[in-house]
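Line by line, the protein sequences are chains H and D.
Start counting the first sequence at 1; every next residue gets the next number (this note's numbering).
Start counting the second sequence at 1; every next residue gets the next number (this note's numbering).
Honestly, I wouldn't trust all of these hints.
Here's a subset of chain D near chain H, in silico, CB distances under 7 Å, partners left out [what the hints assert, rightly or not]:
1) M1
2) R2
3) I4
4) M8
5) W252
6) K296
7) A300
8) A303
9) M304
10) G305
11) A306
12) T307
13) P309
BS3-like, lysine-lysine: derived pairs with alpha carbons at most 27 Å apart [claimed, not checked]:
14) D:K349 with D:K260
15) D:K15 with H:K147
16) D:K296 with D:K379
17) D:K345 with D:K100
18) D:K100 with D:K166
19) D:K15 with D:K100
20) D:K94 with D:K222
21) H:K85 with D:K94
22) D:K345 with D:K94
23) D:K296 with D:K15
24) H:K85 with D:K178
25) D:K178 with D:K164
26) D:K166 with D:K345
27) H:K147 with D:K7
28) H:K85 with D:K379
29) D:K15 with D:K379
30) D:K296 with H:K147
31) D:K94 with D:K296
It is worth saying that the hints were derived from the structure and are not from the lab.
In this text the structure is predicted, and so the values were computed from the model without any measurement.
Ideal Cβ placement from N, Cα and C applies to all residues, glycine included.
As a plain string of letters, each chain reads:
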Amino acid sequence: MSEHRTAIRCARITKTFGSGEAVVHALRGIDLEVRRGEMMALVGPSGCGKTSLISIMAGLLQRDEGELEVMGTDPGALSGHERTKWRGANVGFIFQQFNLIPQVSILENAAVPLLLRNVPRREAHERAAALLREVGLAGRENSRPTKLSGGQQQRVAIARALVNEPRILVCDEPTSALDGATGQKVMHLIRDITRRDDRVVILVTHDERIYHFADRIAHLDDGRVTHVSTPAEALAESAARMGEAAAARG
Amino acid sequence: MRSIAIKMLFGDSAKFYGILLGLAFATLLIAQQSSIFVGLMSRTYALIEETPQPDLWVVDPTLLFVDDTKPMQVTALQRVRSVQGVLWAVPMYKSLLVAKLPNGSRQLCDVVGVDDASLIGAPPTMVQGSVEVLRNPDTVIIETRGQRGRLAQPVDLEDPAGPKRKIEVGELLELNEKRAVIGGIAETTPTFQAVPTIYTTYSRAISYAPATRRTLSMVLVKADPSVPVAELQRRIARETELSVYTPREFAWMTIEFWMKQTGIPINFGIAIALGFLVGVAIAGQMFYNFTLDNLKYFGAMKAMGATTPRLLGLVALQGLVAGALGLGMGLGATSIVGLTIPPDKLAFKMTWHIPIIAAGAVIFIVVASSAFSMRRVAKLDPAEVFQG
């Protein structure tokens, strides 16, 4: 039964950048499983390999070694063109800096993934408008992204990420450009919308305040998954580390 | 996605207007300088263009261009007429002579003497009188630029440097001590030498000219319809040992003379090259920067499922739209310059080749800058979107 519930399976995945003395071992053998309907947070210090790992999971980057299965497909085995199409159909992205096109309306921004798949413009706009309503931006469809607050822009990004009904949602630091309260609202929204449809959410974050939205947390360090914990365990570990640091300072 | 690509272009107003102005300015420089160059060159063969009747022009073999009058013996006319296949052949006189104006001043003029009987060679467009006035004794026709320019008379004869009035029909000139009555005013293409042109009959022109044995400047020939022009051209050249040109050949010979013997092509070539470089430097660079600014959005699109050819198509569309608008603005501005400045102030002739050349230059600028931009987009790693 648990096999059927596995959405993403990573085994012994490695990735290096550069060569010779400049070689960087971004991933040194990642083993990780993410279940369907689960929100998995990837945490760890900068340079630990979080971004490389989500890029590989999302089919944006090729691994060097190891095995990968994402919803029954190994994106690394696909040709570049097939991988692009696979991404368009299966993966939604929420970026740290939103990456909304400033010159067009939020409706058009939200419709971009559909337009890229040649969905007729009218249908794409209808589906994008429905999602904008769902994220609380009804009536603002014709606004430019620059006219919206950071939280509202991230809501547009959520609508854009979900408009294609992807099975996997990849969120890269979705709250880092937002204040605490807005970040919580955005995370509530992501969790509510994705859980309802049994989607997988991979969340990269440094923000401990949103740990509790995740079902499990994978801790990465130096290109390896050191352990997987619950949010409560992760917060306790963090508190303990901070206590030790304070004690060391005297 | 096409509308989004175009909105991205229009929405970045600073760069968009920069690209447009760069392309428009480049087009303006290229098209305007080319048009002035063509205008100047077309003035060199204005006489040929305004004398459409002959199929062939027969001239002295040493003649280099239309204004380079090398008079022939008058017997040349009879020799040409005797060639089989000549329907008609008429004489033309052309030379620079000094005219004495009503107020006593003197002015160098280009005197054209046309066939007495047929008046072939007379100006095609008259604004006052008709070419038939040349049949009246001592009568000449002047053209409008001369009328209000170098032949114009002081309003107050006591004040030669004061305001001037147009010289009018009925007033008298003197050519080589002989009277010449202005009988009509013609509208003609300005000539390259920028001196007034005076039209009269061949026999009268000879009487105005200093006495010489050689008075025949050119022979204008019409081919019999039964004889191919090229064949007649060969026959006349063979039998008379004179040079024989079709109007097109004569015009090109004249253009080539001015092109080779003057710095005009180099000067205009430099201006046109500068226009092109301005386009590359400003518009090309701005378009490239515009693409760089949008690279993160293209990266996001690539992550979201846009194929590289799709993105390249969007960049190409942006380049095409910017190029078409810049070209249109530049050609529009060039046309305004050409239409608003009078022909006697500016030699301007925009032939159909010029917009095509300007379009070619703009396409090159846009394609080159798009190619650089596309290279960046094609090499774009979608994983970069996670790098902030």
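To see whether the hints hold, each was checked on the structure:
Against a cut-off of 7 Å between C-beta atoms, the interface hint on D:M1 holds, since the closest Cβ of chain H lies about 5 Å away. Because the beta carbon of D:R2 sits about 9 Å from the nearest beta carbon in chain H, more than 7 Å, this interface hint is broken. Annotation: D:I4 was flagged as interfacial toward chain H, and the flag holds, the nearest CB pair being 5 Å apart, inside 7 Å. Against a cut-off of 7 Å between C-beta atoms, the interface hint on D:M8 holds, since the closest Cβ of chain H lies about 5 Å away.
Hint status for D:W252: violated, given a least beta-carbon distance of 52 Å to chain H, over 7 Å. Proximity of D:K296 to chain H holds as hinted, the smallest CB-CB distance being about 6 Å (cut-off 7 Å). With 7 Å as the threshold, the beta carbon of D:A300 comes within range of chain H, its nearest partner Cβ sitting at about 4 Å, so the hint holds. Below 7 Å, beta-carbon pairs count as interface contacts, and D:A303 has one with chain H at about 5 Å; its hint therefore holds.
For D:M304, the shortest C-beta to C-beta distance to chain H is roughly 5 Å, which falls under 7 Å, so the interface hint holds. Nearest Cβ of chain H to the Cβ of D:G305: about 2 Å, under the 7 Å cut. The hint holds. Checking D:A306 against chain H: minimum C-beta separation of about 5 Å stays under 7 Å; hint holds. Using the Cβ-Cβ criterion of 7 Å, the hint placing D:T307 at the interface with chain H is satisfied: the shortest such distance is roughly 5 Å.
With a cut of 7 Å, the hint placing D:P309 at the interface with chain H is violated, because the nearest CB-to-CB distance is about 9 Å. Restraint check for D:K349 and D:K260: satisfied, since their Cα atoms lie roughly 21 Å apart, inside the 27 Å limit. Distance hint between D:K15 and H:K147 is fulfilled; the C-alpha atoms sit about 21 Å from each other, no more than 27 Å. With a C-alpha separation of about 13 Å, the suggested pair D:K296 and D:K379 falls inside the 27 Å cut-off, and the hint holds.
A hinted pair counts as satisfied when its Cα atoms are at most 27 Å apart, and D:K345 with D:K100 qualifies at roughly 25 Å. Distance restraint check for D:K100 and D:K166: the Cα-Cα separation of roughly 16 Å lies within the 27 Å cut-off, and the hinted pair is therefore satisfied. Between D:K15 and D:K100, the direct Cα distance comes to roughly 61 Å. Violation of the 27 Å bound is thereby established for this hinted pair. A threshold of 27 Å between alpha carbons decides the hint, and for D:K94 with D:K222 the separation of about 19 Å falls inside it, so the pair holds.
As the CA atoms of H:K85 and D:K94 are separated by approximately 77 Å, the hinted pair breaks the 27 Å bound. With a C-alpha separation of about 25 Å, the suggested pairing of D:K345 with D:K94 holds against the 27 Å cut-off. For a cut-off of 27 Å, the pair hint linking D:K296 to D:K15 stands: about 17 Å separates their Cα positions. Between the alpha carbons of H:K85 and D:K178 the distance comes to roughly 92 Å, so the proposed pair goes past 27 Å and is violated.
Simply put, D:K178 and D:K164 have alpha-carbon atoms about 25 Å apart, close enough for the 27 Å limit, and the pair holds. With a C-alpha separation of about 17 Å, the suggested pairing of D:K166 with D:K345 holds against the 27 Å cut-off. Taken as a hint, the H:K147 and D:K7 pair is honoured in the structure, with Cα atoms around 17 Å apart against an allowance of 27 Å. Between H:K85 and D:K379 the CA atoms are separated by roughly 18 Å; this keeps the pair inside 27 Å, and the hint holds.
Restraint check for D:K15 and D:K379: the C-alpha separation of about 23 Å stays at or below 27 Å, so the hint holds. Of the supplied pair hints, the one linking D:K296 and H:K147 holds, its CA atoms being roughly 20 Å apart against a limit of 27 Å. Proximity of D:K94 to D:K296 is assessed by CA-CA distance (about 71 Å); at most 27 Å being required, the pair is judged violated.
Consistency with the previously given hints fails for numbers 2, 5, 13, 19, 21, 24, 31, ordered from lowest to highest.
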